[in-house]
Amino acid sequence: MKAWKYIGLRLITWALVIWIGVTFVFIIPRLFPSNPVENMISRITAMSGTMDAIQVEALRRQLRVQFGLDGSLWEQYTTYIKNGLFGFNFGPSLMNYPTPVGEIIGRYLPYTLFLSVTSVIIAWTIGNFIGLLAGFRKNKRSSKILEGIAITIYPIPYFILALVLQIVFGFLLGWFPMTANILTTAKDRGVFFASLLRNSVLPALSLLLVGTGWWIISMKSLSSSIAEEDFVQYARYRGLSERRIGASYVLRNSIISQVTALALSLGGVFNGSLITEIVFNYPGVGKLIQQAILSSDYNMILGTITISIIAIATATLVADLIYPFIDPRIRYS
Amino acid sequence: MKVFWSNAGFRLKVGIFALVFFLVLGYIVPLFPHVDPIIYNTYPKNLKPNAVNWLGTTALGQDIFWLLVESLRNSILIGLIVATIGTTVGIFIGLLSGFLGGFWDRALMVLTDTFVVIPSLPILILMTSLMKGQAGILLLALTLGLFAWAWPARQVRSMALTLKERDFIQTAWFSGEGAIQTIFTEILPFVWTWALSNFMNAVLVAIASESSLAVLGLSPANLPTLGNMIQWARERNAILLKQWNWIGPPVILTILLFIGLFLLITGYNDYQTRKRGR
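Line by line, the protein sequences are chains A and B.
Just so you know, the first sequence maps onto residues 15 to 347 in our numbering.
Just so you know, the second sequence maps onto residues 516 to 793 in our numbering.
If you're looking for bench data, these hints aren't it; they were derived computationally from the structure.
Some hints could be false.
Lysine-lysine pairs mimicking DSBU-like chemistry, simulated, CA-CA at most 35 angstroms apart [said to hold, decoys possible]:
#1 A:K158 <-> B:K790
#2 A:K152 <-> B:K528
#3 B:K528 <-> A:K301
#4 A:K152 <-> B:K790
#5 A:K158 <-> B:K560
#6 B:K528 <-> A:K154
#7 A:K201 <-> A:K19
#8 B:K790 <-> A:K154
#9 A:K154 <-> A:K201
#10 B:K757 <-> A:K301
Among the chain A residues that face chain B by a calculated CB cut under 8 angstroms, a handful are [said to hold, decoys possible]:
#11 G35
#12 P43
#13 T166
#14 I170
#15 L177
#16 V178
#17 I181
#18 Q247
#19 L278
#20 G281
#21 L288
#22 I289
#23 Q304
#24 I307
#25 A327
#26 T330
Every residue, glycine too, gets a C-beta built ideally from N, C-alpha and C.
Using the sequences and the accompanying hints, generate a full structural model.
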């Protein structure tokens with residue numbers, strides 16, 4: 015019964031996060047004086063030379079509908095919630111008119127997911143493993159060196175790290191492409207995957223290094239405090255091997271809070287992924303947002319941001335729901 | 516002071532040294548007379564480092580050293596404003612939530628959790644893209660501050676919940692101290708040490724967010740910041756043209772700033788733990 019209460023509460027939080035986030039996205043553009051319809055009209059009239067007043071008026075009405083700016087504020091809101099949130103329909107993209115925004119995002123989203131999910135999983139696994147070793151045997155020289163490396167890499171912002179990797183491994187050494195050029199249209203599956211992997215190495219590495227650094231630091235402090243607990247000392251007196259103590263006493267007690275931390279870190283990883291994609295010109299949602307901003311594609315900006323919020327909230331929900339399955343001292347609080 | 520220094524660990528010492536270095540470079544050095552580094556063509560273009568232009572000049576004829584100093588100053592300023600907003604609002608909401616309890620606690624925590632989970636960068640992108648680079652330093656800092664209070668609020672709330680049950684708080688309540696007075700005289704001293712390390716962390720997060728927005732060309736257009744300076748160099752192909760004296764200094768300075776302040780935070784936390792242990 016309690017399990018259902020836990021799941022129910024998490025689902026409510028999930029829905030609330032999406033609702034508040036999406037409402038934010040709806041309100042913000044309407045608070046600013048910049049009017050996308052008038053911006054678009056001035057761009058179109060500038061391109062086509064002259065237009066008479068009737069044409070402009072017709073265009074204005076048409077654009078208002080396409081931008082979801084038609085009707086009262088409440089009508090606009092309900093239309094946006096109904097079409098955007100439940101139908102993933104954000105109207106046509108302006109830079110690729112008239113392809114719907116949702117369809118274009120569908121083409122870019124898998125790349126972002128591939129990049130961030132793989133690097134999160136690898137970083138979490140490696141980082142926690144190293145952190146466990148460093149915390150459990152904290153007086154060893156190797157532990158101190160590993161922690162030192164983690165402390166030096168972790169604080170560097172994604173943007174700077176990506177840039178340094180791009181300059182060193184892309185430009186100076188030339189091991190990997192400086193900017194991604196994935197053969198998306200390649201007929202041969204193998205050719206496509208080869209280019210995908212080759213072009214993903216540097217972007218993934220910059221996400222990976224920051225992530226691993228953080229998991230080493232947090233796991234080290236968790237496991238070193240658990241290693242000093244009485245029950246670990248007792249296990250030593252019983253003559254259990256260090257390996258056994260590390261794996262079943264220290265690891266199992268510290269990994270649980272690392273799963274919660276994983277859920278909370280997803281938003282940050284997504285932010286990092288957006289920036290990394292832009293630095294490496296990687297064809298993901300970050301790149302799409304950048305293009306949309308450059309070409310003032312209003313529908314596209316709203317669409318990508320709404321979908322980002324839904325994606326992050328859902329990923330966090332999934333990580334939260336996994337949590338009780340790995341914690342044997344289940345409490346659902 | 517002497518006692519403090521002998522108790523400070525290696526990290527804290529390095530961190531304090533870094534902090535002093537960056538504050539001097541960002542706030543004392545600009546007091547010396549210098550050219551406005553934003554104006555184009557004050558010097559010949561693409562100069563290598565020399566006696567007048569210590570780090571050379573950009574492709575736009577700006578002095579790189581002074582551009583770097585101004586950028587550092589503005590980046591730190593943005594960080595300080597955002598951290599002040601985030602920490603103050605966070606402590607206020609956290610204490611309120613922890614002490615009021617009941618409905619208000621739940622309502623505030625739902626709001627806080629939402630802001631913890633929501634991906635901040637997309638929303639910042641949305642807001643700044645509507646400002647079209649017209650925003651000033653204050654507006655940018657306020658926008659970044661919108662996402663800086665939630666995590667502190669959560670931490671302070673859990674601190675408040677444990678403090679509430681302690682004896683000396685109960686004593687204060689029963690001796691007739693008002694809620695506001697109790698918070699100021701009994702609770703804040705406890706929150707203080709935590710707030711300081713959170714404040715420094717918030718400075719770093721804000722500087723990083725600003726540099727992320729700069730990559731998208733969304734940071735205030737003519738404001739020299741570390742992020743903008745790097746982005747301007749990238750836009751003019753400083754990497755491909757191997758103008759390391761242009762793109763190198765802001766990148767290296769940013770890395771040193773982040774590592775230095777991070778060492779300061781962890782060193783300070785270690786110091787506090789050890790002090791409590793004694």
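Quiz item: So which of those numbered hints doesn't the model satisfy?
Solution: Failing hints, ascending: 3, 5, 7, 9 and 18.
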